[in-house]
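Residues per chain are reported as follows:
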Amino acid sequence: MITLDHVDKTIGELPVLEAVSLRVRKGQFVCLVGPSGCGKTTLLKCIAGLRTYQGEIRIDERLSQGVNPMIGYVFQEFSLFPFLTVGGNMEFGLKIQKVPRKERNDIVRSLIDLFLLQGFETAYPHELSGGMQKKVAIARALATDPEILLMDEPFVSLDAQTRNMLQKELLRIWQKTHKTILFVTHNVDEAVFLADKVMVLTRRPATIKSEFPIDLERERDRTSSEFVSVRKEILRELEEEYVEQVDKGYKGI
Amino acid sequence: MRTHKVFIVLTFIAAWEVVAVLVNSRFLPSPLLVGATFWGLLSSGALLQHAAVSLARVMAGFLLAIAVGLPLGVLMGWSPKMENFSVIIEMLRPIPPLAWIPLAMLWFGIGFQSKAFIIFIGALFPILSNALLGVRETEPYLVEAGKVLGASDSQILQTIILPNSFPSILEGLRIGLGIAWMCLVAAELTGLKTPLGLGYLIMEARDLGRADTVMAGMIAIGVIGYVMNIALKWMENRLVRWKP
Ligand SMILES: Nc1ncnc2c1ncn2[C@@H]1O[C@H](COP(=O)(O)OP(=O)(O)O)[C@@H](O)[C@H]1O
Ligand SMILES: [Mg+2]
Numbered sequence: 245m246i247t248l249d250h251v252d253k254t255i256g257e258l259p260v261l262e263a264v265s266l267r268v269r270k271g272q273f274v275c276l277v278g279p280s281g282c283g284k285t286t287l288l289k290c291i292a293g294l295r296t297y298q299g300e301i302r303i304d305e306r307l308s309q310g311v312n313p314m315i316g317y318v319f320q321e322f323s324l325f326p327f328l329t330v331g332g333n334m335e336f337g338l339k340i341q342k343v344p345r346k347e348r349n350d351i352v353r354s355l356i357d358l359f360l361l362q363g364f365e366t367a368y369p370h371e372l373s374g375g376m377q378k379k380v381a382i383a384r385a386l387a388t389d390p391e392i393l394l395m396d397e398p399f400v401s402l403d404a405q406t407r408n409m410l411q412k413e414l415l416r417i418w419q420k421t422h423k424t425i426l427f428v429t430h431n432v433d434e435a436v437f438l439a440d441k442v443m444v445l446t447r448r449p450a451t452i453k454s455e456f457p458i459d460l461e462r463e464r465d466r467t468s469s470e471f472v473s474v475r476k477e478i479l480r481e482l483e484e485e486y487v488e489q490v491d492k493g494y495k496g497i
Numbered sequence: 584m585r586t587h588k589v590f591i592v593l594t595f596i597a598a599w600e601v602v603a604v605l606v607n608s609r610f611l612p613s614p615l616l617v618g619a620t621f622w623g624l625l626s627s628g629a630l631l632q633h634a635a636v637s638l639a640r641v642m643a644g645f646l647l648a649i650a651v652g653l654p655l656g657v658l659m660g661w662s663p664k665m666e667n668f669s670v671i672i673e674m675l676r677p678i679p680p681l682a683w684i685p686l687a688m689l690w691f692g693i694g695f696q697s698k699a700f701i702i703f704i705g706a707l708f709p710i711l712s713n714a715l716l717g718v719r720e721t722e723p724y725l726v727e728a729g730k731v732l733g734a735s736d737s738q739i740l741q742t743i744i745l746p747n748s749f750p751s752i753l754e755g756l757r758i759g760l761g762i763a764w765m766c767l768v769a770a771e772l773t774g775l776k777t778p779l780g781l782g783y784l785i786m787e788a789r790d791l792g793r794a795d796t797v798m799a800g801m802i803a804i805g806v807i808g809y810v811m812n813i814a815l816k817w818m819e820n821r822l823v824r825w826k827p
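For the record, the sequence lines run as chains W and C. Just remember that this note's numbering sits 244 ahead of the position in the first sequence, which is counted from 1. Just remember that this note's numbering sits 583 ahead of the position in the second sequence, which is counted from 1.
No lab work stands behind these hints, which were simulated from the structure alone. Since the structure is predicted, the reported quantities are computational estimates derived from the model, not experimental observations. Here a beta-carbon is modelled for each residue, glycine too, at the ideal position from N, C-alpha and C. Wrong hints could be hidden among the right ones.
[As the list claims (entries may be wrong)] With a straight-line Cα cutoff of 30 Å, these simulated DSSO-like cross-link-like pairs (lysine-lysine) come out:
no. : chain 1 : residue 1 : chain 2 : residue 2
1   : W       : Lys342    : C       : Lys816
2   : W       : Lys441    : W       : Lys342
3   : W       : Lys441    : W       : Lys346
4   : W       : Lys342    : C       : Lys730
5   : C       : Lys730    : W       : Lys346
6   : W       : Lys441    : W       : Lys423
7   : C       : Lys730    : W       : Lys412
8   : C       : Lys816    : W       : Lys289
9   : C       : Lys826    : W       : Lys289
[To be verified] Computed list of chain W residues with no C-beta within reach of chain C, every gap over 10 Å:
no. : residue
10  : Thr247
11  : Ala263
12  : Ser265
13  : Leu294
14  : Val311
15  : Glu321
16  : Gln341
17  : Glu347
18  : Ile351
19  : Arg384
20  : Gln419
21  : Ser454
22  : Asp459
23  : Glu483
For reference, chain C alone in the conformation it holds in the complex (with noise of 0.2 Å):
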C-alpha cells in the first residue's frame, strides 16, 4: 500500500514537471523550481519566522474560541435553559468565517486583532458544537449510575459528564484548529500591518510575479496543517485510551 502511495506522488510530480516543460511558462514553474525555492526560503529562516508569525495569529485567535466555546458548549449541553441560546449559534454557524472579513476589519482594522477575531469565529463553532454534543450526548443511566453512588450535580459534571465528552471535545479541538488555520492564510490575503506571515508572503510574491515563491508558500500552509492534524490526532488516541 505504502509503496503504492509513494508510486501515485512521484507520477504526480513527473506529470507536473512534463507539463512544466511543455508550457514553458514563468507562471507554472517545474517542481524542481519550487522546491529549490522552498529550500532557500527555509535555510535562511524566512519561512519560519513568516509561519511562526501566522501560528501566533492562529493560536491567539483558537485560544480565546476554547476559553468561550467550551464552558458555553458544556453549559448549552448541561442545562436545557441554557440550551434554548443554541438558536443563535445555529443561526451564526452558517455564515462562512471569511465573510466576516469586511466587519472584522472595520471593528479592528488590519491588525493583529481583526486576524484572531476571524479565527476566533472560525474555530469557536466546531469547539463549542462539539463540546455541547458530548455534554447533551451522555447517556442518561451513566448520570444516574454516578447519582445513586453519591455523586453531586457538580461532581457528576466533572467526574462522568466532562471525562464521558472528552472524546468529542477534543475532536472538536482538531477540527476547530483545522478551521483556523484556514481562516488565518485568507484573513492574512486581505492586507496586514506587520508584513510577515505564510499569507503575506504568497501576496507579496503574486506582486512580484514569482509563482515559484507562491507554490513554496502554499506548500509550506499545506505541510503545517497537515502536521497539526496529525500531532492532534496522535494525542487524541494517547488521551482516550478508553475507546473502544
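Isolated chain W, as found in the complex (with noise of 0.2 Å):
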C-alpha cells in the first residue's frame, strides 16, 4: 500500500508539488492523469525515493526512506542497459540482491515466458522494438518481485496499435502477480481502460484535482457507451487545467 500525506516538492524555486495526498490500496491499479510539465515524474521519484521532499510517503505504513526494494520503477524513458542482453537486464537486480546464478536463471526463464520474450534472451536493447524494449523494462523491475509497480507514461512513445496490445498484457500480468501499480499517463483513455480508480492532477504545481473510480467490468470496451461518458468526465476536468493554463499566460511544456 502506498500513503502520500501532504508532499511538498520545490525544485530551486519552482514549486512542483503541493499538498499532494493519495492512497493507492494494496493489489489496486490507480492512474495518475495531469497536464504535461505538471509533475508527474517528480511524483513518482520522490514514492521511489529518488527525489527529496517535505511531507510523508508510506509504504506499508511504514516512512519511506531512501530507495525501497520493495518498489519496482518502470522509466518514462527508454531505459534499458545497452550494454546487457535482454537476459542481462532482467537479472540485474537480482545480481545486487546476490541472488545464485541457478535462481536467477529460473527467474529470467519464467519472466522471458511471461512476457512472451521467447527467442530474444540473448539479444541487445537496440535490436528490440521500442514494445519489446518496454516489455523487458518492465520485467526487469518485476525481476526482484517488488510489491509495488511505479510505471512513468511507460507507453508514451509507442504506435497507438503496441500501445494497446501492450496494455491489454500489462492488465494479464497484473492480474497474474497481484501487484500493486500505480501508473502516470496524460492519455486519458489508457487509464479509464488500465485502471481501477483514476487521479486527475492539476497544472504545476500539481496537487490532486479529482478522483474517479472506474466500476467497469473487464476486459473493458472502449467503444462502450460507460467507458465514453467517464472518459469524457475526466477529459473536461484535465481540459480546465490544460485552459487555465493558457489563460494564465503560460507556455506550458
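Build the complex from these two chains, which are given one at a time in their own frames, with help from the hints.
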C-alpha cells in the first residue's frame, strides 16, 4: 500500500508538488493523469526514493526512507542498460541482491515466458522494437518481485496499436501477479482502460484535483457508452487545467 | 570499389616512377629502388629490430598514459568536485606534445625516459578526456535505474557507468595510441642514446644521403601505425557488440 500525506516538492525556486495526498491500496491499479510538465515524474520519483521532499510517504505503513526494494520502477525513457542482453537486464536487480545463478536463470526464464519474449533472451536492447524494450523494462522491474510497481508513461512513445497491445498485456500480468500499480499517463483513454481508480492532477504545482473510481467490468470495451462517458468526464477535468494554463499565459511544456 | 582503389594506388606508383626517372636524382629514388631497400631491411632483420625498439618505447609511454589517464578521467567524470580539475587539463591540452621535447630533454636527458615521457603526454589527453566524456555522458536515467534496483554508488560505477562508457574509453585508447606512435618517431628524431628505432633509422639514412632508406623507414612507420589502428578498431567491434 502507498500512502502520501501532504507531500510538497520544490525544485530550486519552482514549486512542483503541493500538498499531494493519495492512497493506493494493496493490489489496486491506480492511474494518475495530469498535464505535461505538471510534476507527474517528480511525484513518482519521490515515492521511489529518488528525490527528497517534504511531507510523508508511507509504504505499507512504514515511512519511506530512500530506495525501497518493495518498489519497482519503469521509467518514462527507454532505460534498458544497452550493454546488457535482455536476460542481463532482467537479472540486474537479482545480481545486486546476490541471488544465486541458478535461481536467477529460473526467474529470467519465467519472465521471458510471462512476457512472451521467447527467443530474445540474448538479444541486445537496440535489436528490439520499442514495444519489446518496454516489456523488458517492466520485466526487469518485476524480477526482484517488488510488491509495488511505479510506471511513468511507459507506453508514451509507442504507436497506438503497440500501445493497446501492451496495455492488455500489462493487465494480464497485473491480474496474474497481484501487484500494486501506480501508473502515470497523460492519456485519459489509457487511464480509463487500465485503472481501478483514476486521479486527476492539476497543472504545476501538482495537487490532486479529483478522483474517479472506474467500476467497469474487465476486459473493458473502449467503445461502450459507459467507457466513453467516464472518459469524457475526466477529459473535461483535465482540459480545465490546460485552459487555465493558457489563460494565465503559461507556455506549458 | 576495391579495384578502383587498387587502380588509384598503381597509378600513383607509376606516376612516381615516371617522375623519378625524369628527375633522375638520388634524392628522389624510384619506387622500385625503395621497394628493394625495404625488402633488404626486412629480410636482414634490421627493420624488425628498429621497429621492436620503437614499439617498446611507445608501449611504455602508452601504458603509463592509461594508468594515469583512465582513473583520472573516470574520477573527473564521476565526481563534480574533481571535475573542476579539468581546467588544468584544458590548459595543458592545446600544447602540442612535441613542444614538450625540450623540457623532456632537460628533465630526462635523451634516453628512454625522455621518449616515454613525450609519448605519455601525447597519449594522456585523448585517453583522459574520452574516459571523462564517456562517464559524464552516461544518461541519468540509467544511473537511476540502477539505484531503484538497489545498486550502491560503487556498484553503479562498476556495473553501469564503466560498461556504458567502454566504447568511448576504447576510442580514446585508439586515438591515444595513434598519437603516441606519431610522437615517438618525432621524439626519436631529436637524438638517442641507443642507436635503434625507426626514427633513428631515418635520421641516420639522411646523414648518409640515402633517400631510399629514409622512404623505406617512413613506409614502415606508416604501415605499423595503420595496422595498430585497424587492430584496435577490430577489437572495438568485437568487444562492443551491443552498440547499434
Ligand atoms: N532537475 C530539474 N531541474 C529543474 N527543473 C525540473 C527538474 N526536474 C523537473 N523539473 C521541472 O519540474 C516540472 C515537473 O516536471 P516533471 O515531473 O518531469 O513533469 P511531468 O512528468 O508531469 O511532465 C517541470 O516544469 C520541469 O521543468
Ligand atoms: Mg514525465
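Hints and how they fare:
1. Our distance criterion of 30 Å between C-alpha atoms is broken by W/Lys342 and C/Lys816, whose separation comes to about 35 Å.
2. As the CA atoms of W/Lys441 and W/Lys342 are separated by approximately 37 Å, the hinted pair breaks the 30 Å bound.
3. About 39 Å separates the Cα atoms of W/Lys441 and W/Lys346, which puts this hinted pair outside 30 Å; it is violated.
4. Annotation: proposed proximity of W/Lys342 to C/Lys730 holds, straight-line Cα distance about 15 Å (limit 30 Å).
5. With a CA separation close to 24 Å, the supplied pair C/Lys730 and W/Lys346 stays within the 30 Å bound.
6. For the given pair, W/Lys441 sits about 15 Å from W/Lys423 by alpha-carbon distance, which is consistent with the 30 Å threshold.
7. The suggested pairing of C/Lys730 with W/Lys412 holds, with an alpha-carbon distance near 29 Å, which does not exceed 30 Å.
8. Restraint check: the Cα-Cα separation between C/Lys816 and W/Lys289 comes to about 40 Å, which exceeds 30 Å; the hinted pair is violated.
9. Annotation: proposed proximity of C/Lys826 to W/Lys289 holds, straight-line Cα distance about 29 Å (limit 30 Å).
10. Every CB of chain C is more than 10 Å from the CB of W/Thr247 (nearest about 19 Å), matching its label as outside the interface.
11. Non-interface status of W/Ala263 relative to chain C is upheld: no Cβ of that chain comes within 10 Å, the nearest being about 25 Å off.
12. No Cβ of chain C comes within 10 Å of the Cβ of W/Ser265; the nearest lies about 23 Å off, and the non-interface call holds.
13. At roughly 6 Å from the closest C-beta of chain C, the C-beta of W/Leu294 falls inside 10 Å, breaking its exclusion from the interface.
14. Not every Cβ of chain C is farther than 10 Å from the Cβ of W/Val311; the closest lies at roughly 6 Å, contradicting the non-interface assignment.
15. A Cβ of chain C approaches the Cβ of W/Glu321 within 10 Å, the least distance being about 5 Å, so the stated non-interface status is violated.
16. Against the 10 Å criterion, W/Gln341 falls within the reach of chain C, whose nearest CB is about 6 Å from its own CB.
17. With 10 Å as the threshold on Cβ separation, the claim that W/Glu347 sits away from chain C holds: the shortest Cβ distance comes to roughly 16 Å.
18. Consistency note on W/Ile351: stated as away from chain C, and its beta-carbon is indeed over 10 Å from all of that chain's, at 14 Å minimum.
19. Not every CB of chain C is more than 10 Å from the CB of W/Arg384 (nearest about 7 Å), against its label as outside the interface.
20. With a cut of 10 Å on Cβ distances, W/Gln419 stays outside the contact zone with chain C, its closest approach being about 24 Å.
21. Against chain C, the non-interface label of W/Ser454 holds: every CB pair exceeds 10 Å, the least being about 29 Å.
22. The Cβ of W/Asp459 sits about 32 Å from the closest Cβ of chain C, beyond the 10 Å cut-off, so the non-interface label holds.
23. With a least beta-carbon separation of about 30 Å from chain C, W/Glu483 lies farther than 10 Å from that chain, consistent with its non-interface assignment.
The structure fails to meet hints 1, 2, 3, 8, 13, 14, 15, 16, 19 from the earlier list, while all remaining hints are met.
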